[in-house]
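Generate coordinates for the entire structure from the input sequences, incorporating the hints supplied.
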Amino acid sequence: MSTLTQRYIDEVVSHLPEATRPDISRELDALISDMVAERSTDGHARGPAERSALEELGDPARLAARYRDAPAYLIGPRLYPSYVAGLRWLLPLVALIALAVNVVVRVATEPELQLGALIGAAIGGVLTAVFTVAGVLTLVFAIVERTLPGAEQERFGRTGGQAWTVEDLGGERPGQAGVRSEAITGLVFVAFMALVPVVPTSFLYVAHLNGGGPFVNQALWEFWLPAYYLLLGLEAAVEAWDLVAGRWSLPQVLARAAVSVAFAVYLTWLFLTQQVLDPAIPTGGVPWDWTLRMTVAVVWLVTVWSLVDMGRKWRARRPVRS
Amino acid sequence: MTHSNVCQVNDELASTLATHRQELRRGTLVVACLLACRTPRYGYALLEYLAAAGLDAEANTLYPLLRRLEGQGLLRAEWNTDEPRPRKYYSLTANGAAATAQLRDEWARLSTSLTTLEKDTP
Chain A
224 MSTLTQRYID
234 EVVSHLPEAT
244 RPDISRELDA
254 LISDMVAERS
264 TDGHARGPAE
274 RSALEELGDP
284 ARLAARYRDA
294 PAYLIGPRLY
304 PSYVAGLRWL
314 LPLVALIALA
324 VNVVVRVATE
334 PELQLGALIG
344 AAIGGVLTAV
354 FTVAGVLTLV
364 FAIVERTLPG
374 AEQERFGRTG
384 GQAWTVEDLG
394 GERPGQAGVR
404 SEAITGLVFV
414 AFMALVPVVP
424 TSFLYVAHLN
434 GGGPFVNQAL
444 WEFWLPAYYL
454 LLGLEAAVEA
464 WDLVAGRWSL
474 PQVLARAAVS
484 VAFAVYLTWL
494 FLTQQVLDPA
504 IPTGGVPWDW
514 TLRMTVAVVW
524 LVTVWSLVDM
534 GRKWRARRPV
544 RS
Chain B
102 MTHSNVCQVN
112 DELASTLATH
122 RQELRRGTLV
132 VACLLACRTP
142 RYGYALLEYL
152 AAAGLDAEAN
162 TLYPLLRRLE
172 GQGLLRAEWN
182 TDEPRPRKYY
192 SLTANGAAAT
202 AQLRDEWARL
212 STSLTTLEKD
222 TP
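Those protein sequence lines, which keep their order, are chains A and B.
Read in my numbering, the first sequence has 503 at position 280, and its numbers run on one by one without any break.
Read in my numbering, the second sequence has 209 at position 108, and its numbers run on one by one without any break.
No lab work stands behind these hints: they were computed from the structure.
Be aware that a few hints might be false.
[Unchecked claim] Residues of chain B clear of chain A, computed beta-carbon distances all greater than 12 Å:
| no. | residue |
| --- | --- |
| 1 | V110 |
| 2 | L118 |
| 3 | A119 |
| 4 | G128 |
| 5 | T140 |
| 6 | L151 |
| 7 | L163 |
| 8 | G174 |
| 9 | T213 |
[Unchecked claim] Stretches of chain A that chain B covers, calculated by requiring three or more beta carbons in the stretch to come under 8 Å of a beta carbon on chain B:
| no. | stretch |
| --- | --- |
| 10 | 248-254 |
| 11 | 286-299 |
| 12 | 512-525 |
[As the list claims (entries may be wrong)] Per the computed footprint, the stretches of chain B lying under chain A, defined by three or more beta-carbons under 8 Å from a beta-carbon of chain A, are:
| no. | stretch |
| --- | --- |
| 13 | 164-172 |
| 14 | 183-189 |
| 15 | 195-201 |
Bear in mind the structure is a predicted one, so any value in this text is a computation, not a measurement.
Where is the CB? At the ideal position from N, CA and C, for every residue including glycine.
This is the structure in C-alpha cells:
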C-alpha cells in the first residue's frame with residue numbers, strides 16, 4: 224500500500240467507529256488497488272492512476288459519512304415544522320419575559336433611573352435570553368433527530384404526541400388570527416401610558432428642568448389623573464376582553480370605539496383647560512398655545528384613523544351569515 | 102423570448118430532470134445489488150458487472166451500501182484470502198433472497214402500472 228492510499232484510508236476510518244475500522248480499511252485497500260490496477264493498464268503511470276482513483280472516491284469525510292449512514296443535517300424534514308413552530312411560539316414569549324424582568328430589576332435596583340441605561344440593559348438581557356433559548360431548542364431538536372425513530376418524529380412537539388386530525392384546523396376565520404396579538408400589543412401600550420404621569424425628568428436626562436420631579440403637573444391628581452387611570456382601565460378591559468375571546472364580536476368593537484372617543488374627548492378637555500406640564504418646568508420661548516392645539520389635532524387624527532381601521536377590520540372579522 | 106432566457110429555461114429543465122432521474126434510480130441500486138449478489142461477488146467486480154448491465158454506480162456509493170445491506174442481514178460477507186489480493190465477497194442470505202423476490206415483484210408491479218398509464222392517457 225502506498226503512503227498516499229494509506230493516508231487516505233486512515234483519514235476515512237478516523238471518522239468511523241473503532242470496531243469497523245480494520246474491516247473497512249482492508250476493503251478500501253482492495254478497492255483502491257483494483258481501481259489503480261485498472262487505470263494503470265489503460266496506459267497511465269501508477270502515480271497519476273492512484274491520484275485519480277482517490278479523487279474519484281472523493282472527500283474522506285464524506286465517504287466516512289456514507290459508511291456511518293448518519294444524517295448529514297441538524298434537523299430533518301420530519302421535525303423541521305415542529306422546530307419552526309416552537310421557535311415562533313417560544314422566542315416572542317421569552318423576549319417579553321426577559322424584557323419585563325430586566326426592566327423590573329433595573330427599576331428596583333437603580334437609585335436614579337435613566338432611559339439609555341435602561342434600554343441598554345434590557346436589550347442585552349433580551350438578546351442573551353433569546354439566543355440561549357434558540358440554541359437550547361436547536362440542540363434538543365438535533366438530539367431528538369438522532370434518537371427518536373422516524374415515525375415518532377412527526378408527532379414530536381404536538382400536544383400529547385397525537386397525530387394531526389382535521390379538528391386541529393379550528394373554526395376561526397383567517398381574519399380573526401390577529402385579534403390576540405393585537406390585544407397584547409394594546410396592553411403593552413396601556414402599560415406605557417400608565418407610566419407617563421410618573422416618569423421623572425431625570426429619566427430623560429433633563430433633571431435640571433425641575434430637580435428630577437415628574438414631567439406631569441402633580442396638582443392634577445385631584446381629579447384629572449384618577450380620571451386618566453380610569454380611562455386606561457377601561458382600555459385595558461377592552462383589550463383583555465379581546466384577549467380572552469380571541470375573536471371580535473359587535474359589542475367588543477362598539478366598546479372599543481366608545482373608549483377611543485372618550486379618551487380623545489378627555490385629552491382635548493385636559494389639554495385645553497389644564498396646566499399639564501409641571502409648572503416648575505420653564506416653557507419660555509415655546510409657542511405654548513400652538514403646541515397644545517397641535518397635540519389635540521394629533522390626538523383626533525390618531526383617534527379617527529383607529530376608528531377607520533377598526534371598521535375595516537370588522538368587515539373582515541364579523542361572523543358570516545349563511 | 103431572448104436567447105439567454107431560452108438557455109436559462111433549458112438549464113432549469115435539465116437540472117429538474119437530473120433531480121427526478123436521481124430519485125428514480127436511488128432505490129433501484131439496492132435491487133440491482135441484491136440481484137447481482139445471487140452469485141458471490143466482491144465490490145469492484147460487482148461495480149463492473151453492474152456497469153456491463155448498463156447500471157453505472159459509483160464506488161463511494163456502492164461500498165457503503167453493500168456494508169449496510171450486510172448489516173441488515175440481506176447480504177453475507179466473507180473474506181477470500183486464496184487470491185493474491187484478499188477480497189470481501191458478498192452473497193445473498195435467505196432473508197436477502199426473500200427480500201429480493203418481493204422487491205422484484207414490486208418493480209414488476211410499478212412497471213405494469215406505468216405501462217397501463219402510458220397506454221390509457223390519450
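How the hints compare with the structure:
1. At roughly 28 Å, the least C-beta separation between V110 of chain B and chain A is larger than 12 Å, which holds for a residue marked as non-interface.
2. With a closest Cβ-Cβ approach of about 23 Å to chain A, L118 of chain B is found to remain outside the 12 Å limit, as its non-interface label requires.
3. A119 of chain B, annotated as away from the interface, keeps every beta carbon of chain A farther than 12 Å; the closest lies near 18 Å.
4. For G128 of chain B, the shortest C-beta to C-beta distance to chain A comes to about 16 Å, beyond the 12 Å cut-off, and the non-interface label holds.
5. Non-interface call for T140 of chain B relative to chain A: holds, since the shortest CB-CB distance, roughly 18 Å, exceeds 12 Å.
6. Here L151 of chain B stays apart from chain A, with its beta-carbon at least about 15 Å from theirs, past the 12 Å limit.
7. Remark: the non-interface label on L163 of chain B conflicts with the geometry, its nearest Cβ contact in chain A lying 9 Å away (cut-off 12 Å).
8. Even its closest Cβ contact with chain A, about 15 Å, leaves G174 of chain B beyond 12 Å, as expected for a residue assigned away from the interface.
9. The beta carbon of T213 of chain B is kept farther than 12 Å from every beta carbon of chain A, the shortest such distance being approximately 29 Å.
10. Under a criterion of three residues with beta carbons nearer than 8 Å to beta carbons of chain B, the stated coverage of the stretch 248-254 of chain A is upheld, 5 such residues being counted.
11. Here the stretch 286-299 of chain A counts 4 residues with a CB under 8 Å from a CB of chain B, which clears the bar of 3, and the coverage holds.
12. Taking a C-beta to C-beta cut-off of 8 Å, the stretch 512-525 of chain A contributes 0 residues in contact with chain B, too few for the three needed, and the coverage statement is violated.
13. With 4 residues having a Cβ less than 8 Å from any Cβ of chain A, the stretch 164-172 of chain B passes the three-residue criterion, so the hint holds.
14. Look at the stretch 183-189 of chain B against chain A: 4 of its residues bring a Cβ nearer than 8 Å to a Cβ of that chain, three or more, so the hint holds.
15. Taking a C-beta to C-beta cut-off of 8 Å, the stretch 195-201 of chain B contributes 0 residues in contact with chain A, too few for the three needed, and the coverage statement is violated.
The structure fails to meet hints 7, 12 and 15 from the earlier list, while all remaining hints are met.
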